[in-house]
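Please build the complex by placing chain R on the supplied structure of chain E, with the hints as guidance.
Take a look at the letters that make up each chain.
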Amino acid sequence: MKQTAFNAIHRALGAKMVEFGGFEMPVQYRGIMEEHAAVRTGVGVFDVSHMGEFEVRGPGALSYLQRVTVNDVSKLSDGKVQYSAMPNDRGGIVDDLLVYHCGDRYMLVVNAANIAKDFAWLKSQLPADAELRDISDSLSLLAVQGPKSRETLQTLTDVPLTDIPYYHFRRGTIAGHEAVISRTGYTGELGFELYIDSSEHTGKEVWDAVFAAGAKHGIRPVGLGARDTLRLEMGFMLYGNDIDDTTTTLQAGLGWITKPAKGDFIAKAVVEREKANGVPRRLVGLTLPEKNIARHGYPIVEGDKEVGVVTSGTFSPTLQRSVAMGYVPPAMSPVGSVVSVLIRGKAVPATVAALPFVKGTATQ
Amino acid sequence: MQFPDNLKYTKDHEWVKIDGATGTIGITEYAQGELGDVVFVELPKPGTVVGQGKTFGTIEAVKAVSDLYAPLSGEVIEVNPALAANPETVNKDPYGAGWMVKVRMTQASEAGALLDSAAYRALIGK
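So the protein lines, in turn, are chains E and R.
Residues 502 to 865, numbered by my numbering, are exactly what the first sequence covers, in order.
Residues 71 to 196, numbered by my numbering, are exactly what the second sequence covers, in order.
Warning: the hint list may mix true and false statements.
Said to hold, decoys possible - Partial pick of chain E residues on the chain R-facing surface, computed with a CB cut under 7 Å:
no.	residue
1	Gly-532
2	Leu-563
3	Gly-726
4	Lys-792
5	Ile-794
6	Thr-815
7	Phe-816
8	Leu-820
Source of the hints: derived by calculation from the structure; they are not laboratory data.
Note that CB positions come from ideal geometry on N, CA and C, so glycine has one too.
Chain R on its own, in the form it takes in the complex:
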């Protein structure tokens, strides 16, 4: 199982890739594996303001539904258009084509509260 070092993680199994003021958000390989086949991802519209640790969407898999929690506060500037027709992309490529939203970060200091790859691995015992 892969947990790239250039990403930050939450205890709720989201990842975020920080490029300047933009954060790209998805769920981890561990999370997609635990959920199983994803059939629907409900995401906010661009312009929506999300808060760190607050729900920003839901993910439906065949066996379970789960909330998605924002790793960082900010405004949604882009939503992955591919997930509406092909939600299984989250299973196949969770860190790449399966990304969910891009957020313009409003609180750069919040990143300090996130986990690095090693801490996330320790959390899930992998």
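This is chain E alone, in the form it adopts within the complex:
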């Protein structure tokens, strides 16, 4: 199991550690509810150094990325970030990712569990005029998220953080260490992700400085448990749960990042076919009247027949109710439709709800 540069810090804080994507990561420090609330109302810090980073360079970099991702990379300019997905040759999703335009090169940020798979896939598609490098081991990544994140970080950098719009980044220093300061996150709140060098020394100095700066806002370390409740309230995808090698971007409701007008890309024909003929299933948000949680893999049924499946579910700390996402037939996908989820043998009604479940401060 791999460890991040913050492993000793997590242990000293008494975090409960689990395996995730091949890394030993904190799932919670003091409790999911408290950590969730810190991010929604104040500021929280996540070690997300397990995420993978690849660098793409060369004259063919743009046309290569246009072919291997579904979004239109030509819309990016230096300092911009784009959410995208890599399709496989059947239109399924190899991974969802962020694409950073860094002037003379691109950086791709991928899911930890998929680093090896993504790299092998990207390598197999690589043209002679582009280079691909896995730089994951050279970077640590801290996500500082919450309505008080900007105030907290502004005391540690000369970069005017109000000048960084959502899905943009700047290079600068944080607490004296070089950083890519990215206005991105997985929580729906105002927040930044800090890419710094992966030494334990840098990690500790940045961590300590961020926590000292955030003390007056009640800053908290936040584990993967609250990361999941926060992202699910926003309807954000978790690879391996909501999307995978068999789901297409249109089925997952990711039509907004799927841009066939940009030109050719892998499995574009599948996108065009689903646009023309409709999708066989659609990912929807679900709210449940009871407090039972509809968990990943629970069937969605119509009478005795299984018609869909829950992909993610949790108890929403903000709404104080059970929420989920899952695939249903298109006829059941309009908001307000009522479906049945089989929770441990008991059919429980669930109502299709608009996503996100909760409105955050991300774009403020």
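For chain R alone, kept in the frame of chain E given last:
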């Protein structure tokens, strides 16, 4: 972590406090810690008959759901009314305000099959 000596324990991490013919049942501090934030406790209605080692309810935490197993056979005579609105009480006070049900025991001899504090500690390695 506390495992009071006046309670008996199961290998499934429930505790029971025996007062005459009444057994008060909850889950251990270790169990609540492993589950994490409890969001819902589904309990039987008073009058329900439960059997030793059989499920009598479920407990939903954010990360996991778990069955609850009755330490003793008997009839449910009281259900903790506070847990419906405040399930997190199970995390905060597992041996006190976080109790779940009271059972009128029907098989006094069953208590012999339960673990004492030391045996339970040994089981979980604490």
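These are the hints, each one checked on the structure:
| no. | hint | in the structure |
| --- | --- | --- |
| 1 | Gly-532 | holds, 5 Å |
| 2 | Leu-563 | violated, 42 Å |
| 3 | Gly-726 | holds, 6 Å |
| 4 | Lys-792 | holds, 4 Å |
| 5 | Ile-794 | holds, 5 Å |
| 6 | Thr-815 | holds, 6 Å |
| 7 | Phe-816 | holds, 4 Å |
| 8 | Leu-820 | violated, 12 Å |
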